[in-house]
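In this text, residue positions in the sequence shown follow this note's numbering: the first is 1, and each later residue adds one.
Think of the hints as simulated: they come from the structure by calculation, not from any bench. Be careful, since some hints might not be right.
Unchecked claim - Listed next, the in silico BS3-like pairs over lysine-lysine satisfying Cα-Cα at most 25 Å (straight line): (1) Lys231 <-> Lys156; (2) Lys231 <-> Lys275; (3) Lys156 <-> Lys197; (4) Lys197 <-> Lys275.
Said to hold, decoys possible - Restraint-style ranges between C-beta atoms, simulated for each label pair: (5) Arg46 <-> Pro147: 18 to 28 Å; (6) Gly305 <-> Thr325: 53 to 63 Å; (7) Pro333 <-> Pro163: 38 to 48 Å; (8) Ala42 <-> Glu267: 38 to 48 Å; (9) Leu65 <-> Arg175: 51 to 61 Å; (10) Thr325 <-> Pro140: 20 to 30 Å; (11) Pro33 <-> Pro166: 21 to 31 Å.
This one's a predicted model, so the numbers in the text were calculated from it and none came from an experiment. We put the beta carbon where it would ideally sit given N, CA and C, even for glycine.
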Amino acid sequence: MTPLLVHAVVPPERVGLTALRIRQPLAALARLPSIECRIDEAAGFRPDRRVMAKILLMQRRMLNLADARLLLRPLIDAGYVVMMELDDHPLRRAGYAEAGFLGLRAMHALQTTTEPLAQVLRQYNPTVGVFANQIETLPPLRRREGPASLFFGALKREADWAPLMPALNRQLSRRPEVRVEVIHDRAFFDALITANKHFTPTSPYGAYLDLLAGSDICLMPLSDNAVNRCKSDVKFLEAAAAGAAALASPVVYAGTIREGETGLLFENPEVFEAKLCALLDQPDLRQRLAAAAHDHVCQTRLLAGHIARQADWYRMICASRVLLTAELAARAPDLPLS
1 MTPLLVHAVV
11 PPERVGLTAL
21 RIRQPLAALA
31 RLPSIECRID
41 EAAGFRPDRR
51 VMAKILLMQR
61 RMLNLADARL
71 LLRPLIDAGY
81 VVMMELDDHP
91 LRRAGYAEAG
101 FLGLRAMHAL
111 QTTTEPLAQV
121 LRQYNPTVGV
131 FANQIETLPP
141 LRRREGPASL
151 FFGALKREAD
161 WAPLMPALNR
171 QLSRRPEVRV
181 EVIHDRAFFD
191 ALITANKHFT
201 PTSPYGAYLD
211 LLAGSDICLM
221 PLSDNAVNRC
231 KSDVKFLEAA
241 AAGAAALASP
251 VVYAGTIREG
261 ETGLLFENPE
271 VFEAKLCALL
281 DQPDLRQRLA
291 AAAHDHVCQT
301 RLLAGHIARQ
311 ADWYRMICAS
321 RVLLTAELAA
331 RAPDLPLS
């Protein structure tokens, strides 16, 4: 089999995105025959000069014209297929639009997590690979004892959780024994009316997973809008792996959660409150949902069962490099690529 190098350049890790989307998949890829993987941060990147099939995979990088002119021609001349990994709607960060979406147009290909997001990205680049988030390893399911605990961990989600806060606070006021664990979102923490709460600032991914693993119920609110509909179901996968029961919006999660079997879905604050009450009051319900979700991930969402398809797509993209370079040049005529 033809050797393949997958060479990733990543930003500093903040909330697990690099671990989920780059480090874990590349570790799995490197276990396949004839695939070599390398990961650098931008400051330490040095192109590999070997003549071989090779991909330069960047994560969430925004390029203006000056950056692209400086970066892309040397990479293409060195034989790389240049690819961008993006797992969030490009309109969430103003820099993509301000640069005319050059960081998407001036790639051989794009890689993302969901088909709705892929449809958005194909407006700027037709070559998009869709690889859903998966779980690398699955800890054993643990029996939980004592009062219930809630977990919330997200960034910039106030519009999603604010409508639920009155219902959440009502139930917390009736159950002072319920602990709430919050990571990342200080505004969510401050809005909670309970003394039994704990806040952790943005921390390494392992700390996030440890806090989730110590909780019984994971709250996953997403309001219905174009940006949220492009998000992935990764928080459900993390909760399932950790043994926490999911209470989630139907946006995104209705495609994964089987209502009443692997989690609970809510359409509005009233349903949220009713189902939260059920989870808080019924330990057996929490355990049943968590066990079924854990089994679902074990059967269908482990990384090892999906990585071969990603490897096949990478090889196909490398085989199409000459054609993709011509298409890239046509999409980005301001770049000196020939």
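Checked hints:
1. Lys231 <-> Lys156: Distance of about 14 Å is within 25 Å: holds.
2. Lys231 <-> Lys275: Holds: Lys231 and Lys275 sit about 23 Å apart, inside 25 Å.
3. Lys156 <-> Lys197: Given pair Lys156, Lys197 holds - Cα atoms ~19 Å apart, limit 25 Å.
4. Lys197 <-> Lys275: With Cα atoms ~21 Å apart, Lys197 and Lys275 stay inside 25 Å; holds.
5. Arg46 <-> Pro147: 18 to 28 Å: violated, 53 Å
6. Gly305 <-> Thr325: 53 to 63 Å: Cβ of Gly305 to Cβ of Thr325: about 33 Å, so the range 53 to 63 Å is violated.
7. Pro333 <-> Pro163: 38 to 48 Å: holds, 46 Å
8. Ala42 <-> Glu267: 38 to 48 Å: Check passed, 43 Å falls within 38 to 48 Å.
9. Leu65 <-> Arg175: 51 to 61 Å: About 56 Å separates the Cβ atoms of Leu65 and Arg175, which means 51 to 61 Å holds.
10. Thr325 <-> Pro140: 20 to 30 Å: violated, 48 Å
11. Pro33 <-> Pro166: 21 to 31 Å: violated, 56 Å
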